[in-house]
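K.L.:
Produce the complete structure using the sequences and hints provided.
Note that the protein sequences, when read in sequence, are chains A and G. Per my numbering, residue 1 is the first one in the first sequence, and the count goes up by one each step. Per my numbering, residue 1 is the first one in the second sequence, and the count goes up by one each step.
Treat the hints as calculated values from the structure; they're not laboratory data. Note that the structure is a prediction, hence the values are computed from the model and not measured. A portion of the hints provided could be inaccurate.
Identical copies look the same in the list; a pair holds intra-copy or inter-copy alike.
To be verified - As a list, the in silico DSS-like pairs of lysine-lysine whose alpha-carbon atoms are at most 27 angstroms apart:
hint, residue 1, residue 2
1, 39, 270
2, 154, 261
3, 245, 261
4, 270, 245
Protein chains: 2
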Amino acid sequence: MEDCDFKVNIAVVGMGLIGGSYAMALRVLNPKSIIGIDKDKKALDNALHRGIIDRGYESGGRFLKEVDLAIIALYPRDTVEFVKNNLSNFKMEVLITDTSSVKKDVVNNINAFLPDGMEFVSGHPMTGRECRGIEFASADIFTKANYIITPSSKNTSRGLKVIDTMARKMGCSNVTYVSPEEHDDAIAFTSQLPHVVAVSLMNSHEEGFIDHMALFTGGSFRDATRVAQINSGLWSQLFIMNSNKLVDEIERFQRSIDRLKTAIIYRDMKSIDHIFQNAIRRRKALVKR
Amino acid sequence: MEDCDFKVNIAVVGMGLIGGSYAMALRVLNPKSIIGIDKDKKALDNALHRGIIDRGYESGGRFLKEVDLAIIALYPRDTVEFVKNNLSNFKMEVLITDTSSVKKDVVNNINAFLPDGMEFVSGHPMTGRECRGIEFASADIFTKANYIITPSSKNTSRGLKVIDTMARKMGCSNVTYVSPEEHDDAIAFTSQLPHVVAVSLMNSHEEGFIDHMALFTGGSFRDATRVAQINSGLWSQLFIMNSNKLVDEIERFQRSIDRLKTAIIYRDMKSIDHIFQNAIRRRKALVKR
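P.N.:
Following this line, the structure appears as structure tokens:
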């Protein structure tokens, strides 16, 4: 494919919430065709029926030879497996990207077996929903989202530019470049920790207690626990693949909550106010960006 | 005032976000007049200018003699002080309610000095915003909100019915009756703990780190930290007034997060999945209600 000319054949592997949303958002790039791949025939039928994809396949195969740009929207381990199993099916000039929210393992694994000529540019759209499946897919999920690209030494400026342009054309407002290690450090805090917190809030009490609490909840509890409706298969993989960093972040958070707890126990208004003022200032700065 | 006849004179004390929103929502009850009280003249002027109130006063006074229903939307300690300082100003048949999100202290304190004849029905609208001030007030904040009434032995069925009807007419979808103690137990978990979590997430890292993280944030972090832009004066008072219960809840949450952390450290996929499934089921049940 030419530089940022998207009049090409695109394959989206994984017709879930993210893959389906990519296929929908990629239409604005006016590609020659969008092929969908998913082992779940129902998801393919849904995508075909709604015109999200032009053709559907239940697994990889020789048809991948015509694909110029492949977007792998699978769990991290399945992403590595799909590329590995289809090396002989891809054309030599293919550009492959992914949507994994852990990077070090995925980039290192794929680069270890990817032949010269084929290029893998790893990307992470910082978006999603608390629901699963193509029926919840929407091109809107990319609007104003952050998009992270984690270049490796094997990447070309052309390859990076294509994925950068794709992300922006899909509606993302910030495209950031960091190493896979920096990415995994950052998202342990900004994405994995909030999921740990949401799940732990829901599990804080004995079974049945939450039902009794429903009439006492306001926006703060609902917002803090929104992502507790977690995709278990995906997130257990993500947590394990980034476990050292995540445990560091959990422990840092535990120390932070301990400081506030101590101030409350000692009814130390000055410390509580100091802690609040820090949080207010930081939160304001975060939202402004 | 007659049973649930709102063609009366209403006073709203405190023209902040909550008081202003009450005054706006109370218009649908078609009262004779709405008086606003706030020591901040700017807030009063804003409320008068926008027609939210009919008259404004910077403090209590003899004019309260004509008031049938008084809604005190101040911090808990100021709520108690206002009632105490204006006992001789209120008419004997006045019905007083409040909006405090801690109840035991407020109810016990006010009942200790309130003369027979005057009635105090304590209420808590489970709503709010992360912004302060009457400029953010809106009648909408009550729409489908939970409303809690904490009756005391001094309450009459008529007094309870008036506040219940008021809450429903303002748009609240659930009105729940619990004792002040039960209320404070519940909101330590459903409201105070999410605020502790949001603040502690924002303060987890060293100064400046969050700025660097802005490009890596998605919805999960933004939602979990929304209420970190906390009203420091109010929330430090709320935390201290309910500190025993809140510390219990923080420690229960710390044990919950420890269980997930341990499972991650041991890469114990079975336990992680079990923890996730519990959270998913509980969150689904919560949202359905």
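K.L.:
Report the numbers of all earlier hints that the structure fails to satisfy, in ascending order.
P.N.:
2
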